[in-house]
Amino acid sequence: MAEREDGVDTDWEMAEGLGESTGLPDGERLEIALDGFAGPIDLLLEMARSQKVDLRRISVLALVEQYLAFMAEARRLRIELAADYLVMAAWLAYLKSRLLLPPPAPGEEPSGEELAADLAHRLARLEAMRKAGAALMAQDRLGRDVFARGAPEAAQRARETRWQAGLADLLRAYARVRTREAYVPLAADARTGVLALEAALERLAERIGGVPDWTVLEGFLPEDWAEEPGRRRSAVASSFAAALELARQGAVEIRQEGSFAPLYLRRGAGGGEGP
Amino acid sequence: MNSMPPDEPALFEVPPLPEQERMVEALLFASAEPMSEAEIARRLPKGCDIGTVLAMLERRYAGRGVRLLRRGPGWAFRTAPDLGFLMRREVLEERKLSRAAIETLSIVAYHQPVTRAEIEEIRGVSVSKGTLDALMDLGWVKLGRRRESPGRPVTFVTTPAFLDHFGLESTRDLPGVKELREAGLLEAAAPSDTAHALPRGAGEDETAPPSLLD
Amino acid sequence: MNSMPPDEPALFEVPPLPEQERMVEALLFASAEPMSEAEIARRLPKGCDIGTVLAMLERRYAGRGVRLLRRGPGWAFRTAPDLGFLMRREVLEERKLSRAAIETLSIVAYHQPVTRAEIEEIRGVSVSKGTLDALMDLGWVKLGRRRESPGRPVTFVTTPAFLDHFGLESTRDLPGVKELREAGLLEAAAPSDTAHALPRGAGEDETAPPSLLD
Numbered sequence: 183m184a185e186r187e188d189g190v191d192t193d194w195e196m197a198e199g200l201g202e203s204t205g206l207p208d209g210e211r212l213e214i215a216l217d218g219f220a221g222p223i224d225l226l227l228e229m230a231r232s233q234k235v236d237l238r239r240i241s242v243l244a245l246v247e248q249y250l251a252f253m254a255e256a257r258r259l260r261i262e263l264a265a266d267y268l269v270m271a272a273w274l275a276y277l278k279s280r281l282l283l284p285p286p287a288p289g290e291e292p293s294g295e296e297l298a299a300d301l302a303h304r305l306a307r308l309e310a311m312r313k314a315g316a317a318l319m320a321q322d323r324l325g326r327d328v329f330a331r332g333a334p335e336a337a338q339r340a341r342e343t344r345w346q347a348g349l350a351d352l353l354r355a356y357a358r359v360r361t362r363e364a365y366v367p368l369a370a371d372a373r374t375g376v377l378a379l380e381a382a383l384e385r386l387a388e389r390i391g392g393v394p395d396w397t398v399l400e401g402f403l404p405e406d407w408a409e410e411p412g413r414r415r416s417a418v419a420s421s422f423a424a425a426l427e428l429a430r431q432g433a434v435e436i437r438q439e440g441s442f443a444p445l446y447l448r449r450g451a452g453g454g455e456g457p
Numbered sequence: 182m183n184s185m186p187p188d189e190p191a192l193f194e195v196p197p198l199p200e201q202e203r204m205v206e207a208l209l210f211a212s213a214e215p216m217s218e219a220e221i222a223r224r225l226p227k228g229c230d231i232g233t234v235l236a237m238l239e240r241r242y243a244g245r246g247v248r249l250l251r252r253g254p255g256w257a258f259r260t261a262p263d264l265g266f267l268m269r270r271e272v273l274e275e276r277k278l279s280r281a282a283i284e285t286l287s288i289v290a291y292h293q294p295v296t297r298a299e300i301e302e303i304r305g306v307s308v309s310k311g312t313l314d315a316l317m318d319l320g321w322v323k324l325g326r327r328r329e330s331p332g333r334p335v336t337f338v339t340t341p342a343f344l345d346h347f348g349l350e351s352t353r354d355l356p357g358v359k360e361l362r363e364a365g366l367l368e369a370a371a372p373s374d375t376a377h378a379l380p381r382g383a384g385e386d387e388t389a390p391p392s393l394l395d
Numbered sequence: 182m183n184s185m186p187p188d189e190p191a192l193f194e195v196p197p198l199p200e201q202e203r204m205v206e207a208l209l210f211a212s213a214e215p216m217s218e219a220e221i222a223r224r225l226p227k228g229c230d231i232g233t234v235l236a237m238l239e240r241r242y243a244g245r246g247v248r249l250l251r252r253g254p255g256w257a258f259r260t261a262p263d264l265g266f267l268m269r270r271e272v273l274e275e276r277k278l279s280r281a282a283i284e285t286l287s288i289v290a291y292h293q294p295v296t297r298a299e300i301e302e303i304r305g306v307s308v309s310k311g312t313l314d315a316l317m318d319l320g321w322v323k324l325g326r327r328r329e330s331p332g333r334p335v336t337f338v339t340t341p342a343f344l345d346h347f348g349l350e351s352t353r354d355l356p357g358v359k360e361l362r363e364a365g366l367l368e369a370a371a372p373s374d375t376a377h378a379l380p381r382g383a384g385e386d387e388t389a390p391p392s393l394l395d
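Residue numbers (my numbering), protein chains in the order written: chain E, 183 to 457; chain G, 182 to 395; chain A, 182 to 395.
Think of the hints as simulated: they come from the structure by calculation, not from any bench.
For clarity, every value in this text was computed on a predicted model and none was experimentally measured.
In this text, a Cβ means the ideal position worked out from N, Cα and C, and glycines have one as well.
Among the hints, a few may not be true.
Partial chain G-side listing against chain A, Cβ under 10 Å, derived [unchecked claim]:
#1 Phe258
#2 Leu267
#3 Tyr291
#4 Pro294
Computed list of chain E residues with no C-beta within reach of chain A, every gap over 12 Å [claimed, not checked]:
#5 Gly325
#6 Ala423
#7 Glu439
#8 Ser441
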């Protein structure tokens, strides 16, 4: 097949055309150019356009060369490329090898020509949708070129009240319901619902002296911290930390029968009555 | 019979009367308020004969289902008074569904037939009788069969009017939670999804989606 | 003479055609949105020939400043496109659609019913959060039937409001749709085997900077 080998030049022209032609250094200009693309396919499409032929008749090999040269230039200028640009480069290198090597045994793998045709088809299809989008936007549009009745009268439809609930609202509502558990913050009122460690320590130290027998940790919680689950959780945690600190000082003994079993506290041997 | 001048500098030429008539017809049709002759003149090319054109239009619409009427200082199209009975259903009123209502409705749509207890379990909040009543008044929800379980609770299902309003062929076409996420309809997607997808970090659903309109 | 009860005459008499025409004219004139023939029939006395009356009205308004147009399942009066310049000043600054939104919309329009995966396959990037749901918020895109293929994915289609906004009678009138179909550019994805298929970019498309919007 007769392929053009001029990709190396056109890619750079393209980058120059896209970046502003200010006196920016090459690297920055290329980065600006790359920022303009929605991804590697978009970049490929722009390169294919520069061949100025029907997209289904482009030279895929020249396109591959152009893309790979572009990547090499980016590497030379130390521009970090998103992973999908590199994945595309790898795939195009594979495609190039398939185009240049003798075809595989029939029926084994798609031939280079088939892959190339697929690529050309996709580029043409995306290009078609871009043009269609532009054509759609250029239609005579309601509210811009064509106007509806400006003063509609009363109820025009059989519907009496129009509820402003669209499909997207309905779907969002369901999504909200179904994912609510996952996003409810654990302690919404973190500021008011926390029993400070100092307070727990003070309270436990004050009471433990009068407790010679094993008593469950929860028995030491202040009354107003024992009911509401959030406050209770916080009070248990603070009291436990306080108990550990007092145990270190020898003022408290702690016992637990097993993991997650209730914690029991009593006056420590070295604690005594007073400080 | 389009009598628009081909491509002369229309800016300086007065359009022929029939063309002026088309212009005023379109202007008054699209206007939300009656327009005075001065307002109309400001919109038309210079030199138009507004008075004559209004008289032409008035004659054209005489006896039709729509009339051209003088309303104070302005002119407006109005439906003929003898046809008012066609329009006189209810005042068109646009209202937004409450969050509780739309959530309850979505649960009925996805889980029907569903009991009130089940709706509450899914929402994690109690559902007031008024919410379900309102959805039934709207004609979007109706009673289904009683559940054959202790207490034989009533169930709720959606109606054809529901499908009609939301443009659905059937409730089987509603997307699943995974598809909702993929379509970007989860307002607070899992953190792993959003870390880079929401550069502005404004994940509230009340704000208009920023990426579509700029 | 069929057995009409003699004591309730006027109620069941079909009005003459010119009167039916006035009625439909008034109804459609009063409505900002298209009305389907079924909706019109529900408002008129029984026995009216809606199809004939719509054709009469269409002829009557041909070439006028306001025209009667078919928009999907409905009919609506709209100002003539060549007069848009007269009204344009009234409109708020038009908000432009992003490139991602336009591409997604045209893929839905030309390839409908289309799944999210197919949209991504054509665009080569993932559909970003806020594109499809914003198109639904605009009322231009809705859910179609689930695809009867593995996973039964949801599909997206355009709405009658989309046709109305873009001045189309039906999706068959999409610009260039016939040529694109003949060129094979609207066919479902070319089923090349996945091991060697063209890689699809994983990046979100919302990184596209606003400078590319036009």
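Outcome of the hint check:
1. Phe258: holds (7 Å)
2. Leu267: holds (5 Å)
3. Tyr291: violated (13 Å)
4. Pro294: violated (21 Å)
5. Gly325: Gly325(E) is in fact no farther than 12 Å from some Cβ atom of chain A, at 6 Å.
6. Ala423: Holds, because the least Cβ-Cβ distance between Ala423(E) and chain A comes to about 42 Å, which exceeds 12 Å.
7. Glu439: Holds, because the least Cβ-Cβ distance between Glu439(E) and chain A comes to about 50 Å, which exceeds 12 Å.
8. Ser441: holds (42 Å)
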